[in-house]
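Taken in sequence, the protein lines are chains L and H.
Under our numbering, the residues of the first sequence are numbered 249 to 363, in order.
Under our numbering, the residues of the second sequence are numbered 115 to 228, in order.
Please keep in mind that the hints were generated in silico from the structure rather than gathered at the bench.
Using N, Cα and C, we set each Cβ at its ideal position, and we do this for glycine too.
Warning: the hint list may mix true and false statements.
[As the list claims (entries may be wrong)] List time: in silico DSSO-like cross-link candidates among lysine-lysine, alpha-carbon distance up to 27 angstroms:
1) Lys163/H x Lys289/L
2) Lys163/H x Lys262/L
3) Lys174/H x Lys163/H
4) Lys166/H x Lys182/H
5) Lys289/L x Lys268/L
6) Lys303/L x Lys314/L
[Claimed, not checked] Where chain L lies over chain H, by a calculated footprint (3+ residues, C-beta under 8 angstroms):
7) 149 to 157
8) 215 to 221
[Stated by the list, open to error] Computed beta-carbon distance windows for the label pairs:
9) Lys314/L x Leu227/H: 41 to 47 angstroms
10) Cys261/L x Gly175/H: 39 to 45 angstroms
11) Gln159/H x His255/L: 17 to 23 angstroms
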Amino acid sequence: GAVVSQHPSRVICKSGTSVKIECRSLDFQATTMFWYRQFPKQSLMLMATSNEGSKATYEQGVEKDKFLINHASLTLSTLTVTSAHPEDSSFYICSATGGLNTEAFFGQGTRLTVV
Amino acid sequence: GDSVTQMEGPVTLSEEAFLTINCTYTATGYPSLFWYVQYPGEGLQLLLKATKADDKGSNKGFEATYRKETTSFHLEKGSVQVSDSAVYFCALSVPRGSARQLTFGSGTQLTVLP
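Isolated chain H, as found in the complex:
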């Protein structure tokens, strides 16, 4: 079945440090790939996505590239801020019925210290 393996946390960085959160996947067919972010006390928000191989998703300084050859979708940011502290989820989706079903990684807690 479909699955997502995500780098375990927690991850603690100083402000302006470089961030990488690894994500690899297994899926049948051609999934779309996502990064979601969950801030304390809030629901999951879509951070970025990529729908086909070699696509790069980007938002708020975060980037991830859909690598079919390595089945990866690693999240990167060149300079993190305290406000980036949150839990990050890697996910894939495949069509199922009338909607696309999401499969999530375990989440990575990021804490950025001033």
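Chain L on its own, in the form it takes in the complex:
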């Protein structure tokens, strides 16, 4: 299947700093990318949906000014956690799809720890 690369896999940052997570589709054009967050022993919760070249659509309760999403090309989307706090510590995972009836491919996930 297609490959989606997410980087970094783990990151530790200090409170108040910003962290950028990258999600790349390596061998297909991703018209839509999704960003999820997963707390321990809980579901993957959809944070936002981004379409290439347009603003991301955020789910209810997700602060768009805190979780900045950019999808500037058909192969790259980034999630920036701004002014991170310990409660932002979580597992973040992206997925990418080439269209309405195509499979979604997932990145490896990023474990963020804010200290």
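Following the hints, put chain H in place on chain L, whose structure we already have.
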């Protein structure tokens, strides 16, 4: 809203045992149903899917049948192997904009002992 309820883990089985992981869903309209698997240190991979009622998805010895009457999509395998140890996610998808949005269950950790 749409939701998926998945059997809680962890589940520990001996090699060659029979596996069932229960999954039920609520959704408006006619969702597609999926099982994803996540091996340690890797991303989620699609294991199998079913797009309409009574469809059976199958892959690598795993099977699941889309039961509209019971709103279920239980995952089964007749004889598990150590290499099946992973986290399994049940999910549904509905069209949203230009893509299909996935809603996930909480995941079930499976450990198979030799």
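Honestly, which of those hints from before does the structure not fit?
Of the numbered hints, just 2 does not hold.
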